[in-house]
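*Asks:* So you can see what is in the structure, the chains are spelled out below.
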Amino acid sequence: MNNTEIINKIKSSFKNISIDENHSDRIISTPKEWEELSKFLRNDYDLFFDSMMCITGIDEGVDSNNLGVVYNLHSMKYNHKIEVYIPVDKKTPNIFSVEKIWRMAEWFEREIYDMYGIVFDGHSDLRRILLPDDWDGFPLRKDYEFPKTWHGIVVDKIKDGWE
Amino acid sequence: MVDFYINLFSSIEFIKSYQSSIFIISVVLAGIPIFGFMAVNALVAVYVERKVSAFMQDRLGPMGHGVGLHAGKWGVLQTLADAIKLLTKEDIIPDSADKKLFLLAPCIIFIGSFVAFAGFPFNEFLVAADFNLGLFYILAMSSVGVIGIILAGYSSNNKWSLYGSMRSAAQIVSYEIPAALSLLPVVMLSGSLAFKDIVFAQTGSTLGILPNWFIFNNPFMVVAFWLFFIAGVAEVNRTPFDLPEAESELVAGWMTEYSGMRWAFFFLAEYANMFIVAGVATIGFLGGWLSPIPGYFDGNIWGVFWLVSKTSFLIFVMMWFRWTFPRLRTDQLMRMCWKFFLPGSFFVIIGVGLWDLIMR
Amino acid sequence: MGIKINNQNTHNSSDEEMVLNIGPQHPSTHGVLRLKTITDGEIIKKITPYIGYLHRCFEKHCENLTYEQAIPFVDRCDYIGSMNNDFGYAIAVEKLMDIQVPEKVEYIRVIVAEMNRIASHLLAVGVFGLDVGAVTPFVYCFRDRERILDLFEMLCGARLLYNYIWVGGVSHDFPVGWVEKTYEFLDYFEPKIIETNDLLTYNKIFIERTADVGVIPPEVAISYGVTGPNLRGSGVKWDLRKNETYSIYDKFDFDIPIGTGAMGTIGDCWDRYYVRIRELEESLKIVRQALDQMPRQGDIYESMPKKIRPNAGHIYSRTESPRGDLGFYIESDGSATPSRLKLRSPAFTALSCMDEISKGWMLADMLTILGSLDIVLGEIDR
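Chains as they are written, first to last, in the working numbering: chain D, 241 to 403; chain A, 14 to 373; chain P, 298 to 679.
Simulated from the structure, these hints should not be mistaken for lab results.
Quick caveat: nothing in here was measured; it's all calculated off a predicted structure.
Note that the Cβ used here is the ideal one computed from N, Cα and C, for glycine as well.
Check before you lean on any hint, since a few could be wrong.
[Unchecked claim] A few chain P residues that face chain D, going by a derived Cβ cut-off under 10 Å, partial list only: (1) Gly-349; (2) Gly-558; (3) Arg-606; (4) Tyr-613; (5) Arg-641.
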């Protein structure tokens, strides 16, 4: 199936999704809908996105109210792809965890939680993965402020530009 | 040697009456050369092992080059330098270790191989203590070391050490049995447990040209030799049976927490054990100190030469194994022992017995 | 790590289970990886990998670096296959900017990437041998890898982190004599694969240790996002060079080796290992064809942009690195620095299935399985 067919197929079941006007292969959904949508994408006979290529967290910027999660899906059987973008509100950054559907999401979601503080509901083991457990804040958010000290160790003042 | 010294001292008039002192002095005098031999053996063997592994791996191994302080031509002084380094290193005892046992373990391991050497003959006369049960004695003594290994693993209070020592205990205890059973055919053929008699039973020639060594005695003996040799390799924890110190799994196994001089003692014992296993295989199957050309080059000095060179060859084979094979897994090791080696050695005993009965 | 984790380390006294911390300093964790294993005797009950010891804030750094400046950082992610990382990154940025690189550059890139794949697989094969206790194959593999590194040194001056493939081109043209030396290496290296096979692949003990061990069924592999030789070891014929052809891989004739279960079950450690060995041959084929076909004349800087400022937009592009699908998600806001650069690491997904596939095996097997996955911690922790 090509992109248009895939999107039409999805649209027939999910009315609320929209399509990114600049990128025809990206659909935009909501955290509420994501639980149903993810199961549909994985289990539908014609779509069958059995392989999750990548899950990326993004921050839409300091001015925006949104964080976001990008899911890049791929079907090994039919060799077609889709990208799902789900904006998540900064105040209540909750989204359904697809850990049970694509097992690789387990660590990717932990990483996004680690870096952006997006909480994946239903995740079995949502801990920090790359940073130490007692780290404060979520470093990849655009409004993240670098810590001055860590466990009493003074971090060098961050210099402006390159020396 | 002990008997020789006792006789010597007893024949001297003015110390004749101090019997107990004479005994102690004789034992010490006989022991010093053994210790010296063990040390030299380890130095040479470590150097050879390095060079053998290097040549097998397209490397040069230890080399000395140019002027100034270096390890001599071809790095011959490398192991000596290492020995000095190890002996002068800080003696570290882990804080949470069981200190007494921790200190005791290297002693036991060292004593295990030291006393085994006491019964090992280099030729007809050159033996520290001449037993008529030599073979039995060495088999018994060479498994004393396992107590030290268990102690070392337990007292280090380290999980890797514990794993290593448990593996080692299981392995050594298991492989003792096929090792001993595959030596039984030798005893059956020679009718004695004394090394001297075992070697004497192998004098002469067989099939015209071959020396009358037990390995050429009948086809079953070839199997017995390999069974003993491989079980021996397993007993001294060499690759492919080096599970107790499996570097990529257990860091350094039971010797993880040891360093410096105590670790050097482990090494000394390891290479001494290799020598003993290879030596017993030489005496039991390869004619001991007898010349490979029957009737020529026999004699006391030649005897030492033949024994050491045959033994060295077997040690070389062990090194060859080590740098060629991967390592087995614990359960595979045990399966090999109980399912193949043990039945195999029984089979060999029966085979040799029948052969002897029919062919004689 | 923090205090929280230490509390979890206390003994589970209800039965005979023991907590064993493998790493972060351990000979066969291939870097600084900590595996908290719960063992019963030697049997593994549960593995919890703890990663992040090598975390260098790659993605945060990239937000403050221009696209050109990010290349050395990309190098340092998978330090065993730097060329392939650069390649993947360059392709992603080029797709974002719609750059067509000259044919000669494509050939150069494919040649160095495949050479680097050989070097990386040699390391994987050798270290896997080391993990099961065979020392000598490791040294042999390193001897041959050294020659590739020498060639790379001749090419760009660096032996490990090359910074060679740039966006829109490469940093240097082939120096005089490089092509001949590479031909020489190919002729030298071909028989060495047979040597490795004799020494390790068909060794009885090696087969005993690796066959049937750590089987990854294809469905599990796909679900976990396991890619590259690990996925092909499970019998899935999937290689981005063929299935999603990028660069000029469609011009070459090569096979995709897959695991067949020749020594045990499909997807066991031996299959994964053997796929790598077979890929050495395939990469050799590609390099030879590329060297034969490569145009000798041409400007390599032709398509190199003066300034890299992609239009606002985003891209997810993936290429086949020695470890699997190496993905780059790049989001650009129109400035000279990416607003988001995500590296999707193939080793990250491979490691995440450790617990699933090594439960119930013994301690020694667990390290065999870890070795067969061929992880690089630099890429996992980024």
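*Asks:* Would you mind marking each hint as holding or not holding in the structure?
*Replies:* Evaluated hints:
no., hint, result
1, Gly-349, "holds (4 Å)"
2, Gly-558, "violated (20 Å)"
3, Arg-606, "violated (17 Å)"
4, Tyr-613, "holds (5 Å)"
5, Arg-641, "holds (4 Å)"
In terms of the numbered hints stated before, the structure departs from hints 2 and 3, listed from lowest to highest.
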